[in-house]
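Assemble the dimeric complex from its two separately framed chains, guided by the hints.
So the chains spell out like this:
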Amino acid sequence: MKNPLRKRLPRELKSEFGKYFVIFFLMFATIGLVSGYLVAGNSMVAAYDETFEKYNIEDGNLRLAKKANKALIKELENNEITLYDNFYVDDAMENSTTLRIFANRTEVNTVCLMDGVMPTAYDEIGLDRMYAVNNNITIGDTLSDGTNTFRVTGLIALPDYSCLFQDNNDSMFDAQKFGVSIVTAESFARFSESDLTWSYSWKYDAPPADDAEANDMAEDLMKSIAAETELKSFVPRYQNQAIVFTGDDMEGDQVMVLVLLYIVMIIMAFVFGITTSNTILKEANVIGTLRASGYTKMELIRHYMTLPLLVSGVGAVLGNILGYTWMKDFCASLYYASYSLTTFHVLWNANAFLLTTIIPLIMMTVITFLVLTRELSLSPLKFLHKDFSRKKQRKAFPLSSRLPFFSRFRIRVILQNMGNYITIFIGILFANFLLFFGLLFPSVLAHYQADIEQNLLCNYQYILQIPLNAVNENKKLESALNMMLFQNEVETETEGAEKFSIRSLNTTYEGSRVEAITLYGVEPDSRYVSLSSAEGTVAASQAYADKYDLAPGDTITLKEAYEDTTYTFTITDIYPYDGALALFMPREDLNRVFDEDKNSFSGYLSNEEITDIDAEYISSIIDLEALTKISRQLTLSMGGMMNLVNGFAIIIFLVIVYLLSKILIEKNGQAISMTKILGYSNREISRLYIFSTTFMVLLSILISLPLEVASMKFLFKYMMTEMMTGWISFYLDPMILVEMVAMGLGSYAIVAFLEYRKIRRIPMDEALKNVE
Amino acid sequence: MAFLEISHLKKGFGTGENHIEVLKDINLKVSQGEFCVLLGPSGSGKSTLLNIIGGIDQANSGDIHIHGERMADMNEKTLTLYRRKHLGYIFQMYNLIPNLTIRENIEVGAYLSEKPLDVDELLHTLGLYDHRKKLPNQLSGGQQQRTAIGRAIVKNPDILLCDEPTGALDYATSKEILKLIETVNQKYGNTIIMVTHNDAIQNMADRVVRLRDGHIRSNTLNAQKVPAEQLDW
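So the protein sequences, as listed, match chains A and B.
Quick note: the first sequence uses this note's numbering, first residue 476, plus one each step.
Quick note: the second sequence uses this note's numbering, first residue 1008, plus one each step.
Check each hint, because a few of them may be wrong.
Said to hold, decoys possible - If you only want the chain A side, here are some residues facing chain B, beta carbon under 7 Å, derived:
#: 1; residue: 476
#: 2; residue: 478
#: 3; residue: 479
#: 4; residue: 483
#: 5; residue: 486
#: 6; residue: 761
#: 7; residue: 764
#: 8; residue: 767
#: 9; residue: 771
#: 10; residue: 856
Unchecked claim - Which stretches of chain B does chain A cover? Using the computed rule of at least three CB atoms under 8 Å from a CB of chain A, they are:
#: 11; segment: 1056 to 1068
#: 12; segment: 1104 to 1114
Hint data in this document are derived by calculation from the structure and do not stem from the laboratory.
This one's a predicted model, so the numbers in the text were calculated from it and none came from an experiment.
Note that CB positions come from ideal geometry on N, CA and C, so glycine has one too.
Next up, chain B with everything else stripped away, as it sits in the complex (with noise of 0.2 Å):
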């Protein structure tokens, strides 16, 4: 069984004439360690996938299984365990605490983990040690970011959910966070399944799975990746 398997997921929103499918019998497989990136429009369902992955949305139908274990048998308390002990989450917004310096912010992550990263020598990964003392207002939105990665990856987790993590940054800032992602990957051998809309970042994914109206269009796999720092768009 690959470490997360997804079988026939559908899910929809409201009742009766305003009902819309959102997911349309999804069915997906992503090994340990891969890269994998969900490319597609707005509404293309992209999203709604992720959350459902993360356990913070619900599923209508269909399975999810990760690491062996069934999402549709967790209650609530044992979701909420499962995130705890298996995600990571980054979203396009930092979502910071903004009374809890840098380190704080990355602590909160490590706390719920039995065995965290160093914080230090993670800081020094994230390029972040410097600015360790400061609150989130005093960084830019890049080094904002790379603390809201911290605080997701510093619990080790076995997968890291990202939603448009580059969703509100600039070119520059987008590569940066990109090699920063990359590098937790073969660092840390996490698995990531990153949102996007941004066709360019497939080429630095060992999978692309492409979605339109609810629908996978493709799922291909990256026979040659190309690194971060040679991404343009």
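The shape of chain A in the complex, shown without the other chains (with noise of 0.2 Å):
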């Protein structure tokens, strides 16, 4: 004979409907969201970690300051690499964006072609698909950098720009203002040498086994390669942010979305505990009586555990449908919103299975199963008694008889309902802090973009190119003839354009990601840098400072990106600046330690637009704009994210309060019920209990708050040590605070509107029902 408890399972679901459904669906929302992100994700991690191969990625890339011969072509191939041609131009377009242009590549670094055709004529162009979606560019358009016009045939991926980084040695990326292109090599031809930037790729003949290898042998390339030409810049594939920040950061991703899984996991198990033991104390009765008749207790565990393990497994099963299916879609399309990948292919991923649906399930057995082993535990006459205290309470908790009755009975209520006000806490606790983190990001990223605004060093920072004819070793007299004049011509007579220097630097942190760190030299009275003493001082800047914990009289050891040089620093100052990790000091200081000129310098600080200095000899420009990048590239990739992750934390904020309220109602019916036949009003009774919730509730909010505070600053500074190069400065907007506060209060509205309904509908013969 099968367990006729059984038949109870289809009516105990209809009638605890509401309760199940938030149980599936927190389920199957987690596992739906996770499963697709995990999917989605490992997905198009393979798809890139295919591309390698697939796409013939370079070992790495080298900048020249000119076109190398055929000579020295060979002579660096000696080095057991072969070299490819990479050339390009930075385009600066119509639409206020910069387009570097390739010509179309057949060897190494091929196109991946996502949409429509490559370009085949003159005037064709295949357009970066990310760089053509941010700027709303399609097919068929055309784009134009005021001289040429090209038309858009196809959406292609460069397997060496995953990630848009126009500099290697830039913080963020920059979907927006920065894309990349292909052309013919007919097309191609149309641009002036001048405008040409001169990278070669390099592929080793023996590649190497390891980043660690790959370590070496780049050391010992750039080395060799440095003897025989100059080197504009040399980035091994391992150091190329546009190929592997993409591979990292979606590692990276998946981290947190499984730490999302398992705070609600955690969540649920907290749920899961809290209305298992509600069900206990309500059928008391029915399983003293059980245990009486002979039925096991290993048998009322398997009873209580069936439906809410299968209305979670449902949940997991129809999630993992949901993350195989549409939200995978949803959430390729927010990598594809972030990177210019290639397109991919769902992968099975036995490994998010096992994590989202395997792991969850297995955790929320064995939670239900020690939950029910420890409430069944009682005696069966103790169950028949309805006397669940496993110590007795000796004595009342002693209240003033001075505090006004209805705040004793809500003192009361609390006291002994603390078991569930502390799990409702808890679960404010995590609710809350999902919301403040999709709260905080944005607000972060914002302040961070108007403190840069504010607080620029000045609008722009000019900095100059030495021509190539003014460096030519073997045309010296030429060369100083060349100089003299450069030198006459970048000259200017704008408004406060003030000399500066500037050199970067990288840092030698043991363990630590390496980064730039960009050293101002600026004139003793400079009206844009104002330094606190003249000679000798060396400020760093507050980003620095607060990213690395310096502090005046700490000594720094940084070094050059491509030699062995290194540099101490002895920091004597911070100066109040968050757009870069700098240093700052007297020109001549910075000069000395170079061993340049005293009146050396590198360009211009100005509030004003310089234009009586050549085009040709400005080498780049850091305004607002380049300053601005990582924070306005952040709120793009992440914006979709945290939008999903407040409304999560909207819904389970609610299931929580919800469930322990009506938890904590359906506990007291029987006094509820007592109050009723005394002559109490439904108002008075809700005055007594929802406000006793009320309170507590706030109260949890409140407390809640600056622990989460304090683990946010930690989690923060974290990821910014640890995951991202540059920094952005913890900024907490109180309104945030406000904002929790009164979507914590709007939610607990809608929940005690339902209980006040609840407690309304509660019968007077509650009170007689059951009672020995």
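This is the structure we're talking about:
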């Protein structure tokens, strides 16, 4: 004979539909979201990993000051590498973006065509998909740099630009203002040599086995090439952010999503524990009778476990279906919104299934089993007498009779239900943490952007570029004349323009990622950077100090990017500037450190645009747009995710408060019924019971806030130091706290309304039932 | 040895000054198939004695033998098995499972037995056959208690323990229930131990045990049993 108790299950499901729907929905939504994210992520990581071979990605690239002749190429290739031309033009387009144009590649870094056709005619162009999307360009559109006009024939992804970093030293990529593209070789030939960047990709004859070997090989290669010719840049693949950032970031995202999953699972476990023990409470008489009749504890545990686990299981299965279908596409679109990824195919992901389904289900099973084992360990007699106390409360908590009766009553309700209120607090803590996370990031980024705008050193930082003909070793006289001409040409009449020197060195922290630190040498009485004292001052920017915990008196060691030369500085001051990880010092000091002439300078700081220096002498301009790249890109790529987190947090908040308040009212059903018999109105009863919960919810929200702020500060710093280059300082807009309290209370108002209805519906005979 | 033999049973609650002896040296023998009524005022210890016999409460000292098995030797697992095999329980409150039909509630008891009674036949005996598809809250108190009795006896237990089974019922319904218990005793031959404070019920029993302050004040056998039908109070 099958256990007749199983016939209860469908009826139980029907009568407690709200509760089980909530459990189902949480499982379904969480697992759907997370498995979708993991499946999309893993499939994309697999596609990304495949690109290295499929599209023959370079082992590194180097930039030379001028085009290498055949002899030099042969010389360089003696280092057991093969070099490939990968010249490009950074073309300023009419839509205020920079488009990097390459000739079609056929050997390394080959092109993935995502839509349309490859360019074949002179005026045709294949455009990076993401750049096209971000700038509302579709196939068939034309775009122009003022001189040349191109018609877009196809959308592409370049495997060496899966992440659109314009410069490898940038803190963040910029998929809005920067894009890559392909034209035919004939079309590319239109650009004059002076516009070209002489970039070469290399492949090792014998590829390195791992990053450590790649590092050794790259260092040897760099020294060897640097001895032959002047290197403008040297970027081995493992250091190339445009290639490796995507992979690193996708893996990082997956960790975050898994953390989210397990936070939700912990909340679910609470919900399970509480609802299970509430069921036991409600069914005490039946359980007592069944146990007295000879039902074993195990039979009852199995019975009470079946439905929650069945519902979770169905939620998990349907969640996976959601994950593999709609959610996967949605999550893939989030990745495609950030990265120029090649096409991907959905891969069955056993690991994701294990992490999103098997482990949570096992976790739920174990927790439910433990809670039930504990709850059902009472003797049948205790169940029959509804005596659940493991320890008898010896004395009532003393309350002054001067307190009004209603206040004392409420305090008693709170004291009696403290266990439930503690659970509400823990639930609110987790849910609010998610909400905080979702609300904080956009606000931090907005604040960063506003802060950068307000605290710019100056509107423009012009970095000059010495023309090649001024440094030709073979033609010394001509070079000297050209240098004089250059020095004359780069003087400016612009009001307020101020000479400065700039250098970039790398950090040397053990075990930490290498970051570029910008060294500014400024005039002693600079109007843009006011150093407290002149000679000997080395001021670290606030961002640098915050990120690496620097204080005056600390000594730091930096090194040349492509050489072993190191430099040591002692910090004398912290300069309030968040725009970059930088050191500020007098120009003469900086020049002395790098053995430059004391009057030497690299460019100008200016609030006005400089128009009297020829563009060919200007290497780059650092303006507001360049400095806010990081916040703009993060806003773009994380915006969707944050809305998702916020929505999720509110749902979780509602669910927890709803379930626990429901349990609380049910638990006190008999007492509520009795107060009704005594003549209390529904309104008065609600004031007694709902007010107590309202007070505790508000208190929980308020207590949770400082805890969340403290842990978020810690988490934020960890993310900024371990997961990103650059620095965004933590900023808490007080309005977020207000919003959180308002959202919490708003959600609770819905629950309170439902509970009020519930109280009204409790019949008076409830108090008369089951009283022995 | 008698079917049920209780010797020197003691049970107390609390410690130190708060210690109360509820059962003080109880000795009792009940034969197989006997209908035994435990009578006494509130606090006399009759329910506690019943619960100890039922294995859901423990004595501080003394022995209980049922069918030759010593209860003190049983651990929690064997006690559960003992209840499953030998006991049927009826309480003052019916404690039916609200979302199972009358038939299914009885099946809950049948499931525990290797040789349960025929459920449909029992439903006829209980007068519940026409209500078998209803839920408990669709029935009267008496009908619900009959269902609870059905649940207890469907597994054909050796002993039926009844704790104030008519305590929550009116006169007519109480008589109906007592008649049913009488029928069950006669038809299936179960040993019945019933706790009550209704003196009239003693007349339908084989054995009447009166308790007061934890002692057995009297233990008598009825020479002439009165059918439940003729009881009056």
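Evaluation of the provided hints:
{"no.": "1", "hint": "476", "verdict": "holds, 5 Å"}
{"no.": "2", "hint": "478", "verdict": "holds, 6 Å"}
{"no.": "3", "hint": "479", "verdict": "holds, 4 Å"}
{"no.": "4", "hint": "483", "verdict": "holds, 5 Å"}
{"no.": "5", "hint": "486", "verdict": "holds, 4 Å"}
{"no.": "6", "hint": "761", "verdict": "holds, 5 Å"}
{"no.": "7", "hint": "764", "verdict": "holds, 4 Å"}
{"no.": "8", "hint": "767", "verdict": "holds, 5 Å"}
{"no.": "9", "hint": "771", "verdict": "holds, 5 Å"}
{"no.": "10", "hint": "856", "verdict": "holds, 5 Å"}
{"no.": "11", "hint": "1056 to 1068", "verdict": "holds (count 4)"}
{"no.": "12", "hint": "1104 to 1114", "verdict": "holds (count 5)"}
Consistency with the previously given hints is maintained throughout, with no hint failing.
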